[in-house]
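K.L.:
Please take these sequences and the hints and turn them into a complete structure.
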Amino acid sequence: MAEEGPSNSDLETKLNKQINGLIKLSNDFNNLQIKLNEEKEKSVNLEKKNQSLEIELKEIKKKIQKPNSDHENKIRVIQLEHEKKIKTLKENILHLKAENNQETEQINFLEGKIKKTDDLYNKRLSNLSVKLDNLIFEYVNFVKIENKWNEINSGYKCCDNNLYTNKPTGYHKFVSISAENPFKKPKNSFNYSLYYYEVKCIIVEGSLNKDGKWVVFGL
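In the numbering used here, each number is its position in the sequence shown, counted from 1, plus 28.
Treat the hints as calculated values from the structure; they're not laboratory data. Predicted model, so just to flag it, every value in this text is computed and none were measured. Every residue gets a Cβ at the ideal spot worked out from N, C-alpha and C, and that includes glycine. Careful: at least some of the hints might be erroneous.
What the hints assert, rightly or not - Derived lysine to aspartate or glutamate pairs resembling EDC-like cross-links, with alpha carbons at most 20 Å apart: (1) 115 with 127; (2) 86 with 75; (3) 141 with 67; (4) 115 with 139; (5) 143 with 75; (6) 76 with 66; (7) 63 with 127; (8) 125 with 66.
What the hints assert, rightly or not - Simulated restraints, written as ranges between beta carbons of each label pair: (9) 123 with 65: 23 to 31 Å; (10) 157 with 81: 49 to 57 Å; (11) 146 with 112: 48 to 56 Å; (12) 104 with 62: 23 to 31 Å; (13) 69 with 141: 33 to 41 Å; (14) 70 with 115: 36 to 44 Å.
P.N.:
Written as structure tokens, this is what we have:
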């Protein structure tokens with residue numbers, strides 16, 4: 029008797045778990061993609077702000093370089109204020125550059141994580157496709173039954189001289205032969221069972237009737 033295959037409910041449960049896993053991976057991938065786009069947009073905004081501060085710094089330097097002999101004291105005060113502001117701007121620029129580097133590292137990390145997630149998603153999807161393609165074969169059991177000729181029906185005997193019980197030979201008439209073991213479906217099996225049989229026939233030249241060479245098998 030063939031071993032019992034997995035039930036339909038077990039296969040469906042297993043398949044649903046794998047599909048849910050793929051859906052979760054797909055959602056994680058989409059969330060990572062959204063976060064990556066947000067980080068890229070934030071990086072662009074930081075770069076624009078950095079450029080704006082650098083332009084403002086250049087304008088301040090230009091103003092400082094324009095001396096005014098009539099207002100040296102005022103210029104000195106303004107110069108000190110501007111130098112303080114320049115120092116603050118430089119510190120802000122350094123801070124923004126550090127943040128920008130961190131954002132770049134974060135973007136690279138997210139891109140690597142997205143790639144790994146995408147590769148894992150594609151791998152699992154490929155494995156699931158193969159399992160889906162082969163799923164139909166899991167519903168079929170090939171049952172092997174060792175069989176021999178058991179007896180010849182007395183109502184369909186070929187002839188008295190040319191047909192024997194264990195090793196039948198003969199011609200001209202129909203013969204009914206019973207198998208040793210029945211072709212029955214295994215107990216407690218919910219799958220389809222396939223059977224096939226082989227019959228060997230040797231036709232001896234000169235022993236055929238006038239209709240020619242023909243043999244009919246039935247099950």
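K.L.:
Now look at each hint and say whether the structure bears it out.
P.N.:
Verification of the hints:
The hinted pair formed by residue 115 and residue 127 meets the criterion: a straight-line CA distance of about 18 Å does not exceed 20 Å. Taken as a hint, the residue 86 and residue 75 pair is honoured in the structure, with Cα atoms around 17 Å apart against an allowance of 20 Å. A distance of roughly 14 Å separates the Cα atoms of residue 141 and residue 67; the hinted pair therefore holds under the 20 Å criterion. The hinted pair formed by residue 115 and residue 139 fails the criterion: a straight-line CA distance of about 36 Å is larger than 20 Å.
For the hint pairing residue 143 with residue 75, the CA-to-CA distance comes to about 26 Å; that exceeds 20 Å, so the pair is violated. This hinted pair checks out: residue 76 and residue 66 have alpha carbons roughly 15 Å apart, not beyond 20 Å. With a C-alpha separation of about 17 Å, the suggested pairing of residue 63 with residue 127 holds against the 20 Å cut-off. Straight-line distance between C-alpha atoms of residue 125 and residue 66 comes to about 18 Å, which keeps the hinted pair within the 20 Å bound.
Under the hint 23 to 31 Å, the C-beta atoms of residue 123 and residue 65, about 24 Å apart, fit the expected range. For the pair residue 157 and residue 81, the beta carbons lie near 53 Å from each other, so the given range of 49 to 57 Å is met. Range check, residue 146 to residue 112: about 50 Å between beta-carbon atoms, so the 48 to 56 Å window is met. For the pair residue 104 and residue 62, the supplied restraint of 23 to 31 Å is violated, since their beta-carbon distance comes to about 53 Å.
The given range of 33 to 41 Å is broken by residue 69 and residue 141, whose C-beta atoms sit roughly 18 Å from each other. For the hinted restraint 36 to 44 Å between residue 70 and residue 115, the CB-CB distance of approximately 26 Å leaves it violated.
In this structure, the hints that do not hold are numbers 4, 5, 12, 13 and 14, in rising order.
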